[in-house]
Amino acid sequence: MLVLKTLTRGAMHGYAIAEFIEQTTDDMLRVEEGALYPALHRLELRGSLTAEWGVSENNRRARYYRLTAAGRRQLGEESARWDRMAAAIARIMEA
Amino acid sequence: MSAWRTNTCPHIWLRLKALIHRRAFDRDLEDEINFHLAMRERKQQNLGLGADAARYATRRRFGNVTLLKEDIREMWTFAVFETLWQDVCYAARTLRKSPAFLVVVVLSLALGIGANSTIFSVLNMLMYRPLPYPQPDRLMAIWETETGRETSSEPPAIADGADWKKQSHIFEDIALTSYTEPTPLAGSGVAEQASAQFVTPNFFRLLGVSPMFGRVFTAAEAQDLTQTVVISSAYWKRRFNSDSKVVGKSFKVSGVLSTIVGVMPPGFGSFFGERLDLWVPIDAESARYSERKDHWLIAIGRLKPDATESQAQLEMGVIAHRLEQAWPATNKGVGAKVVPLHEALYGWAGRYLYPLLGAVLCVLLIACVNATNLLQARIETRRHEFALRASLGAGRGRLMRQLLVESGLLGLAGGALGTALTFAGIRLFRALAEDFPNIDSVTVDIRVLLFTLAVSFATAILVGSAPAFQAARADSNLALREGRRGATTGIAGRRTRHMLAVSEIALAMVLLVGAGLMINSVLRLQQVNPGFDPANVLRFEFTVAEAAPYVERLPGGDIERVTPLVTAFYRQLLDKVTVTPGVESAGMITPFDFERTFSVLGHPAPPPDKTPMTGFREISSTLFRTLRIPLKKGRYLSGSDLPGAPWAAVVNETFVRRYFPNEDPIGQRLLLRSSDLDEKQTRQIVGVVGDVKRYLGDRRPEPMVYTSYLQQGSDYRGGSIESHLSQTLMVRSASNLDKQATSLAAAVKKAVAELNPDQPVTGIMTTEQYFARSIGDSRFYAHLLEIFALIALLLAAIGIYGSMSYSVTERTHEIGIRVALGAQRASILRLVTGLGLKLSCMGVGVGMALALCLTRVIDRFLFGVTATDPVTFAVVGLGLPGIALVACFMPARRATKVDPMVALRHE
Chain A
1120 MLVLKTLTRG AMHGYAIAEF IEQTTDDMLR VEEGALYPAL HRLELRGSLT AEWGVSENNR
1180 RARYYRLTAA GRRQLGEESA RWDRMAAAIA RIMEA
Chain B
36 MSAWRTNTCP HIWLRLKALI HRRAFDRDLE DEINFHLAMR ERKQQNLGLG ADAARYATRR
96 RFGNVTLLKE DIREMWTFAV FETLWQDVCY AARTLRKSPA FLVVVVLSLA LGIGANSTIF
156 SVLNMLMYRP LPYPQPDRLM AIWETETGRE TSSEPPAIAD GADWKKQSHI FEDIALTSYT
216 EPTPLAGSGV AEQASAQFVT PNFFRLLGVS PMFGRVFTAA EAQDLTQTVV ISSAYWKRRF
276 NSDSKVVGKS FKVSGVLSTI VGVMPPGFGS FFGERLDLWV PIDAESARYS ERKDHWLIAI
336 GRLKPDATES QAQLEMGVIA HRLEQAWPAT NKGVGAKVVP LHEALYGWAG RYLYPLLGAV
396 LCVLLIACVN ATNLLQARIE TRRHEFALRA SLGAGRGRLM RQLLVESGLL GLAGGALGTA
456 LTFAGIRLFR ALAEDFPNID SVTVDIRVLL FTLAVSFATA ILVGSAPAFQ AARADSNLAL
516 REGRRGATTG IAGRRTRHML AVSEIALAMV LLVGAGLMIN SVLRLQQVNP GFDPANVLRF
576 EFTVAEAAPY VERLPGGDIE RVTPLVTAFY RQLLDKVTVT PGVESAGMIT PFDFERTFSV
636 LGHPAPPPDK TPMTGFREIS STLFRTLRIP LKKGRYLSGS DLPGAPWAAV VNETFVRRYF
696 PNEDPIGQRL LLRSSDLDEK QTRQIVGVVG DVKRYLGDRR PEPMVYTSYL QQGSDYRGGS
756 IESHLSQTLM VRSASNLDKQ ATSLAAAVKK AVAELNPDQP VTGIMTTEQY FARSIGDSRF
816 YAHLLEIFAL IALLLAAIGI YGSMSYSVTE RTHEIGIRVA LGAQRASILR LVTGLGLKLS
876 CMGVGVGMAL ALCLTRVIDR FLFGVTATDP VTFAVVGLGL PGIALVACFM PARRATKVDP
936 MVALRHE
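Chains as they are written, first to last, in this note's numbering: chain A, 1120 to 1214; chain B, 36 to 942.
Because the hints were derived from the structure by calculation, they are not lab data.
For each residue, glycine too, the CB sits at the ideal point set by N, CA and C.
One should not assume that every hint holds.
[Said to hold, decoys possible] Chain A side only, calculated, beta carbon under 8 Å to chain B, not exhaustive:
#1 1131
#2 1133
#3 1154
#4 1171
#5 1180
#6 1182
[Said to hold, decoys possible] Restraint-style ranges between C-beta atoms, simulated for each label pair:
#7 B/116 <-> A/1197: 28 to 36 Å
#8 B/99 <-> A/1145: 43 to 51 Å
#9 B/119 <-> A/1197: 22 to 30 Å
#10 B/119 <-> A/1145: 43 to 51 Å
So here's chain B without its partners, still in its complex pose (with noise of 0.2 Å):
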């Protein structure tokens, strides 16, 4: 028994061969039964009987020959297939012959699979997507964890990953990388920004990822002055016109002479997908960065083979627990957390793409629930068709599959066309996302074909499963005697249509809700005021080169020193914009920086570990009056505020509200220390000015101090800089600023370059497209709940509509005879709208319970409004049953047109 179960290979192939050989098969099969009968026959004859004689003997001991061959053909071939390909056939004619029917469900089907295979795939290549690098799972960050936040993930302090590469042991190598950063090409003669990832020269090799060309860093490599950088392949084709002779070409990056050595191949770039042109190597363990305080680099470990993520994680935690002791002052509390790189780099976008997905799901299954309904409203109309095949002798069985052979074959229609669908979706996706990560990556590759075909599937069983059983349930006897009437429906079959188009409804409304809650709340960021005004103010931003003859480093440690040329550069530059026709104001102002401690002179110093914080930022003394910030106390900064003059500060008013609730402030003096240097002269606050919102969804002000830029110290610690360096140049124009923003720009950029050609002007827009920018991500949410619950609302009005119409058609009879005994058409109107309006009020109700407790995953995404906002819910609540009624109303109107003689004579 075991031998031939082993051999079922040989048995397919036999079988295909016969297949494909049929008539060849047939004749042979004939051929050996006459060659049998043949031998009897004449050995018969041999024993004495006559020609006929012989031949009934040889027939009846043979038996039933056309029996046989059924038995044999049977056996060579694949009846089950062959019967499931006549019902596809059968499927296929019988659709082609309902158009109507076909379109709106393939329609619905392929919307619904779309839409999911849409949001799969862009899932799919965030989530789903192994990094690609070789052996990726064994790829890890490590994060470090604040001092009593278990949970936080911080970057490293540099020197501190440099330590853990030394001292693990569980991991093959750990290197550091920053993200990408803009970084300019002062010196180069070209006023352009390179995009550069600052990475620690075993980055490289630790990936997995060899050169295009030349080679990568060496572990030496990571000086000051000169230094060496590997550029992307992109990078290579656009500055560089894919010259196969670029290595040992050198320009300047930050100021800094950097040689080419290595060209990347095509597809090594960012995390994340934006442009990244060039590699900049760092020495971890460069005196500069020995006092530990730079946390802007990222730490990833490449597992040993067999090792795993707890062993590692237990390792780093020994390792942290060292660090703390030899480092108390920068590591206390400080701890390390191992998760891998994928998790660490796109988990966040689960939070973003599962409601979608949710969303999206919530589409599928109204149009499920649309094709189901529909396909029961057929079967009814077919049920003569099913019990006169039914006493045909047709099984249960074979009528249920012929139904989930049409469903299956809507089904695989509307993955078809779903599948066209996910390419026009992923294109609108891209579109409305903007600078989604990743965004060009998506595409419709073999797991969302795979995931396609999956719902496409599971939606044919799903929208065919119920109409099958019913039609299987079906009497046979009383379908075949009510003949080809299609009197009333069963009750069962009634109150399943009623619960499905319920259901419908209350999909439809948790969508509903979601998109309204969306626009709420972009409406009201919209409507957010910004605490100064942002009409005709276009904004710009550059940053000074890190570099001679700007910045001096001081030998030894980690300090940096602006030269006057910054100040004087600044100066110059307002001073020529100012002046420039057209420019009401300008000012200028630093990026927001919240790692300011203080003290208050005269007050007692706080615990250390509540030391008061603020915001700090550097301005001109002329930006208040360009962003036209109201001042609430005292003075703004004024052109008397020069480095030799006492130091002034300017603070806001949740500063005074937390740290001087029952005094004055105006006069107090502060000290203001940052993680990375202490201030020796004290700043004294000379006014207080109106909060301030740095983007529309700022929730919370922050205390700011705001300050001069000419009265700043001249050293930075540990790239701190930059924060002095870079700036944003806000120019309030003196009319309406959309006829002249261009000339304004250009004029702009003109005065840069007659300051210093080489200096690279990036970000100009005005600031209301600055801040719409700054709710792109819930506009962009907003959008997209938006379009899936418009579908959701017409395939719900299509089933609504569907539903009433056939149940106006089923009762035609019923009402006919009401209108015969006198019934009037406002209350045959009443009768059909009556029971639209129940049936979608209680899918309001349903789809309300539901929507409580399923908005409250997109409750991040919401401004201004709360997960339960009553006035949507109410909206929605009461618009929705609407849109019923008018769905329902054409139904309606038919059922008052029913002829009474017309409907009783088909009695």
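For reference, chain A alone in the conformation it holds in the complex (with noise of 0.2 Å):
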């Protein structure tokens, strides 16, 4: 969900994923960064995301990832139900 959250601002290559995710959470969910790339070769085969290759800013070849209309829509499906879990959890603790 994260991965595809982080693509909804456009098309990225894996290690700007992983640093923006750092970034943006503060390194709070920091793990192995390896684990990022299983993760986006899944969502591709799953027809989330689609990879084509490019340059970067450092004029290097890099794999940019892209959302598809699947994965915008798979997306939405995963952040409701996250915010009902969310929601779910907050009544629990408060109560």
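Join these two chains into a complex; the hints should help.
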């Protein structure tokens, strides 16, 4: 979900995605960076992302990921579910 | 979640792309990760770390690169299929290493599968292939049921069919058609017979078939003296050389000038695939058929699109009831029955073919058991290999899959070879079957191929699963410790092997008993005494044209009158043939006609439903002497039984037994009556002759009345004139017929041609050939079962041999000890053959029980033996263990040659 959300900002390569997630969460969700790649490839195989080769800011060949319509739909579903779950947890904690 | 599940398609596509560009994919993955690492490394350096420190930090933060790559690569590939492919390659390699095993297993499976596919392809052609017309499932046959016999299926009276058509609302249309009938083309200058189908004009439109040229019949076309015909494409090619201007040409059919109006497309022919030259229109509403006694056309209806069979049945019941009230004389108690046309035409074939399918299934099962046995034995010897693989980390599932892949390969190889054998099998079936319906259109089509594939897979699973389970169960520790010695198999394994051998014998027993019963029947059929002397008698068939100058139609009604020319022709022909050199005598006889009832003068009239019935035939007075039918009482017909003399009749013994059990039949007067016409003149019984079989399988002789062709009425109703115009000429040769059959046939044909050049003569054969043909079905069935039983026997023998062979190898060590301890060769021989004998006796026991249950299905094909004939059972039951013993003997001899030193050194 985080990856998908990140990609709503436009096409990005893996390093940029990792950087973005790390920065916006203030390194709270820092895991092994490599784990990002199986996730990206799985999403690509599911049709949520497409990937193409492009040139990075510093003129290197980089693989850019882009959200597909199916990916957007999936993001919608997952974030809705997350909201419900978070709300439910919040209610339990408040009780 | 649901979104990606709907997207499995691009996912397969992407994977395929990755599979094709595998190298590029690997490079890309490498690049992508390297890019990430490089970027991170630079950032770390920018944060002030040294080059090495930056690299380590980056690696730490990223995780295990190789593992990640593996993960991703696996995600992109078809891992399952790739290991499967590995298995296939490995299996192919190991199988190639033991060619003898491979050949035996594949050949036996191929025989089993090929036999199954052959029988299935015949079944497929007759039972499963839809009729070759549009919307065939809406085509129904409509039968009449006889009074008091609801299950009977009779062709309706033609006028009834016409009424059905008019009154039915469920059927789009109802047409009437005959089967194919030989029809003389007399008057056309060629002594040829055509094969014709008589149809109502709506027949073609109802089936949904249009002519290739011209048109089909119009409703008005069904006149008596000139008519139109539609010809088949085969006839068009054969007789008219594919002449495109054939429409409008005329020729004589049954003496009636007929004009061709259309040519049907190729592939549109008779229901049973026999020759069909032309279609002749029938007017079902003609006054000819108003008596409702003409039951020779079958009714075919096409249901309206939304109508069902049961609705049609309901409506036809109502219509039949209405007809019953309108025509009580003919239709009382007559019902109507709707049956899908396909079932009506081909439903009978199941009775022939399903027992055969059962037989070939037995053959296949034996082949499977054989293969299982061999595979199992192989696994026993490969236990070391499996144990090694298991201890190196191969999962049980993987080992089982390996074995199943092996048996799958064997099954598919068997299936492929079996398909090839199917082509040969179909050819063999055709050669044996002679005139089996539609036999020429039996082919290997997609359905047969699918069937073969399914059977191959089922075979593979059947063959492979037991050994696979056993291999998976194997205790690897034990096997490794025992090393390559391959010590005695577990008791379970041995018991399975013995059970398999027993089941093989049992299955072979069933087939052998079936074949034995059939052979027995055929032998008995060939020994049947036909009641006359068939040797040296040549027979000829001919039918005088039902048209001028021989027949004239009386105006109004359906009465036809023979002219004196007919009897003149018969008499001249007999005279001519009798004086032909080499001819001892000659006689003529008309076809068997069972439709006669009669009353005896001076006897009280029996109740109407118990009217006595008899067979009836017209003969020449010379017939009895020609066929040497024995006279039992009184006299034969003679040359003095002329039209002017009192009408005489000769009856057979069955007639006397049934109708004059306590009286002297000679001198009794009969008044004969057919359903079409009552005779006015009585016939006096002058003699009694022996019963004669019409065909060899004729179980129950019918009462018969023979009368002279010279003492017949001249008027016939409803087509019954045919029984006077169709004759079989029997010619007894003075010397051995074999040498002069051809010249005699030519002489008789010449005699006929001299009298009437247009008169075709057909069915020329010796009476022995005729009888052989009459038991063709039984012989065909016996041949097929013989072939299947022989294959089964061969496979079972191979199986026993293999099984015993293995058991000897396995027990080499034990036998060695026995020999070392002083066992005699004879006792070793007994040890092995004793086991074989025990197994085969058990197999015979089981097989006997099975056969007792199963042979009943071929009961209808048996003659003179019961399905539980003790002699057949005994012969097979004793012979089979004998063959098993022979199969055991070679392994047993090998066992006696075991050198105790060699056997013990294995230790």
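How the hints compare with the structure:
The interface hint given for residue 1131 of chain A is broken, as the beta carbon of that residue sits about 12 Å from the closest beta carbon of chain B, more than 8 Å. About 5 Å separates the beta-carbon of residue 1133 of chain A from the nearest beta-carbon of chain B, less than 8 Å, and the hint is met. Here the hint on residue 1154 of chain A is kept, as its CB sits about 6 Å from the closest CB of chain B, short of 8 Å. At a threshold of 8 Å, the smallest CB-CB gap from residue 1171 of chain A to chain B is about 11 Å, leaving the interface hint violated.
A least Cβ separation of about 6 Å between residue 1180 of chain A and chain B falls short of the 8 Å threshold, and the interface hint therefore holds. Given hint, residue 1182 of chain A at the interface with chain B, holds; its Cβ is 5 Å from that chain's nearest Cβ, closer than 8 Å. Between residue 116 of chain B and residue 1197 of chain A the C-beta distance comes to about 31 Å, which sits within the given range of 28 to 36 Å. Our hint of 43 to 51 Å for residue 99 of chain B and residue 1145 of chain A is violated, since their Cβ atoms are close to 26 Å apart.
Between residue 119 of chain B and residue 1197 of chain A the Cβ separation comes to about 35 Å, which falls outside the hinted range of 22 to 30 Å. For the pair residue 119 of chain B and residue 1145 of chain A, the beta carbons lie near 48 Å from each other, so the given range of 43 to 51 Å is met.
Checked against the numbered hints given earlier, the structure breaks hints 1, 4, 8 and 9 and satisfies all the rest.
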